[in-house]
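A.B. asks: Letter by letter, the chains look like this.
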Amino acid sequence: MSAVELENVTKTFGPHTAVDDLCLAVPEGSIYGFLGPNGSGKTTTLRMIMRILHPDRGVIRVLGAEDLDAASDRIGYLPEERGLYKKMVIRAALRFHAELKGCRDSRAAIDGWLERLGLADWGDRKVEALSKGMAQKVQFIAAVVARPQLVLLDEPFSGLDPVNRDVLREAVLGLKRDGTTVIFSTHDMAVAETLCDFLFMIYKGRKVLDGTLDSIQDRYGSDTVRVRLEGNGLDLGGVPGVVHVTEFGRLQELRLAAGADPQQVLAALMSRTAVRHFELGRPSLHDIFVRIARPDTETPTHA
Amino acid sequence: MRKIFVIAVREYNAAVRTKAFLVSLVLLPVLMLGSFGVQAMLRDRVDTSPKQFAVIDRTRGEEVLRALEEKARERNENHLHNTAGRQVRPEYVLERVPPPDSTEARDALRLEQSERVRRGELAGIVEIGEDVDEVAPAAADLGDFEGPDPAPTFDERVSVRFQAHSHTSHEFTAWLRRSVSDVVEMRRFREQPISAEKAHELMRKVPLLARGLSARDPRTGEIHDGAEANRLASFFAPAGLVMLMFMMIFVGATPLMQGVIEEKSQRIAEVLLGSVRPFPLMLGKLLGTVGVATTLAVVYLGGAYAAARHFGVTEHLPARLIAWFLVYQTLGVLMYGSLFIAVGAACTSAQETQTMLLPVMLVAMMPLFVMTNVIMEPDGPLATGASLLPTAAPMLMLARLSVSPGLPLWQPLLGVVLVLLATLLCVWAAGRIFRVGLLAQGQAAGFREMMRWVWRG
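Going down the list, the protein sequences come from chains U and L.
According to the working numbering, the stretch in the first sequence is residues 1 to 303, in order.
According to the working numbering, the stretch in the second sequence is residues 1 to 457, in order.
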């Protein structure tokens, strides 16, 4: 069964179409990653799932229901722009959010979460005393403290240091273990690749990718070569069979033309300089994202 | 419904459990009493140093001056102190200046004395006309002679002339007019066949006694006067209630608007909307604020009622009136609170609210402008009409209820119904503006855009 289903959902703001004829099915108990460049419609889609915005056309079913009140207590939401009442004590703020979700006895849950996210000593401080990262973790607790069945997280990892990123990732995986469906949007491709069961990419309001990482990468085939070469600032232009070069500094990613022979590319490179590393593989999620979001390079080959 | 309650409780706690609330709880009555106190104090706090006046009496034998000196002495002995024994008025010292014998000498004398006034040696110059015993034209009775320059100009011979640097203080001119008139009156009657003393007696004013309404004592069954009508209390009790209502409404409504702006600017709004729909969210905020205002009103009115009982003046603040106050206050807070919420939702910063609040504030302050008229004439057409206006009813109907015991019950009830209808309309429209505006960022919405939000939702 699907936790969230979108059927032909369209939302316009004046002349601007934010979400265009979108279909989506999020399986229960999965972690679903929303990708897409800024302004592509991720947040609008999340807001529509939360029923904060209403679609102009189409049907949205959340946890099997089409109306919010039945479902909203079972959904947790972390919006992109975080906000807590500054003057409230953290424990009281979390209790307020738990009560809004109909959770009367939240004391144990709050203590547990504060402990788990390393905020145990901060429960009696005021929100305004928190650093940005800590406030984000508190906000995360507010979204999940009432044990929702579905959690929507809008860029939960942005602005966190690597340690807190791990803490939060562990928390998200914990939610999954408890059977919670998690949908989150992110710009962090590494997190998306490792954490998500399914990936979904929206571009200019339209769905461009939807599926598991494997299925998405398969569509692009093994057209990517990662190389490390001797010498700096080497010009790789003009290598036959290479249509695009992405420069990572110490690493270069070459995209091969359809039908190009990797051995010939290797030979061409070796004729120019010493090759330290040569790896033939599938394009990274990052590369796929860039190919879609920067269409001036080349239209992706839809295999 | 439960969510409305959760929101309301948070709003209430956020407002009440602050130092600012406790401070304002104490400060409001202090300020109110303080402003009355300052007025009362300033009334007594006058310059009490002796004031010297030059008096030129041109009447034969300077008899008027002698009579005036006698009156000043009597005044200085008996009327300078208030009941508490503190001197609240200055002593008047009259200095005789010999009358001049020519027009040139007169002008020179006036200049000389005027210079003394400029140097601060004198407070003013009094000149009594030589024919002051003659009866001036009847118009003298019409104009208020206390004014600095009475409209009709009389011949100097039949007048008293008073020169001073400024004519802002009426106290001396009033005394002078009264005293000279008294003296001259006696002199005029002396020429008549009736004895001056008798005539003066006959002209004594009829005293007027101000008393309260008759009431039957519930214990003895005797009918007796109410307490002596206290003009101050019967004006200040309703005026105070109206002011209190005004403050209650805005003490409640202003934080509501600031709260909405905080939720928008701190991005709390979207988090809340993830748990509760906009309309219940707004209702919760309104109910929390009604709770705050009711708490304040109960504290203040409870205190005022206890004080009124203690001093035995409960007729100015009957329990019935307190009940009406709470009913109208609740509706007023809901009505204005929802308007303020709408303004907050349409703006993104406190500065932006200023222009949009102006029309709301003008409407809200209208009752204060007509309050005096309504209290003076509580059953007149202005009072009746204005107090049925929904935006004014919470304040003006209350004022009428407090001064007009015979107000037919249907009027305050109709007022409640009208305010209730207006409140529902405001809450409904504000809810729609709130729903759209809460997530809108960037520029403030104009009035037209707000109307469109209301219209299209």
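Because the hints were derived from the structure by calculation, they are not lab data.
Since this is a predicted model, take the numbers as computed values, not measurements.
Incorrect hints may have been included.
Said to hold, decoys possible - With a straight-line cut-off of 20 Å between C-alpha atoms, the simulated SDA-like cross-links for lysine to any residue are:
id, chain 1, residue 1, chain 2, residue 2
1, U, LYS87, L, LYS19
2, L, LYS71, L, ASP101
3, U, LYS86, L, TYR12
Unchecked claim - Between beta-carbon pairs, the in silico distance windows are:
id, chain 1, residue 1, chain 2, residue 2, range
4, U, ALA25, L, LEU362, 52 to 62 Å
5, U, SER158, L, ALA350, 23 to 33 Å
6, U, PHE278, L, SER265, 29 to 39 Å
7, L, SER265, U, ARG272, 31 to 41 Å
8, U, GLY133, L, PRO318, 22 to 32 Å
9, L, ALA350, U, PHE248, 27 to 37 Å
10, L, GLY34, U, SER131, 19 to 29 Å
11, U, VAL59, L, GLY303, 29 to 39 Å
12, L, LEU25, U, ARG177, 20 to 30 Å
Claimed, not checked - Coverage of chain U stretches by chain L, computed from C-beta distances (three or more under 8 Å per stretch; other residues unrestricted):
id, stretch
13, 80-92
14, 97-111
The beta carbon of each residue, even a glycine, is placed where N, CA and C say it ideally should be.
A.B. asks: Take the hints in turn and mark each one as holding or not.
C.D. replies: Verification of the supplied hints:
A C-alpha spacing of about 12 Å is found between U:LYS87 and L:LYS19, which places the hinted pair at or below 20 Å, so the restraint holds. A distance of roughly 27 Å separates the Cα atoms of L:LYS71 and L:ASP101; the hinted pair therefore is violated under the 20 Å criterion. Taking the CA atoms of U:LYS86 and L:TYR12, the gap is about 16 Å. The hint holds against a cut of 20 Å. At about 55 Å, the CB distance of U:ALA25 to L:LEU362 agrees with the hint of 52 to 62 Å.
With their beta carbons about 29 Å apart, U:SER158 and L:ALA350 fall inside the hinted range of 23 to 33 Å. The beta-carbon spacing between U:PHE278 and L:SER265, approximately 53 Å, falls outside the hinted interval of 29 to 39 Å. Distance hint check: the CB atoms of L:SER265 and U:ARG272 are about 57 Å apart, inconsistent with the given range 31 to 41 Å. U:GLY133 and L:PRO318 have their C-beta atoms about 60 Å apart, which leaves the hinted 22 to 32 Å range violated.
The given range of 27 to 37 Å is broken by L:ALA350 and U:PHE248, whose C-beta atoms sit roughly 48 Å from each other. Against the hinted window of 19 to 29 Å, the Cβ-Cβ separation of L:GLY34 and U:SER131 comes to about 45 Å, which falls outside the hint. Distance hint for U:VAL59 and L:GLY303: a CB-CB separation of about 59 Å, inconsistent with the stated range 29 to 39 Å. The beta-carbon spacing between L:LEU25 and U:ARG177, approximately 51 Å, falls outside the hinted interval of 20 to 30 Å.
Beta-carbon proximity to chain L at under 8 Å applies to 8 residues in the stretch 80-92 of chain U; the threshold of 3 is reached and the given coverage holds. Coverage of the stretch 97-111 of chain U by chain L holds in this model, with 5 residues showing a Cβ closer than 8 Å to a Cβ of that chain against a need of three.
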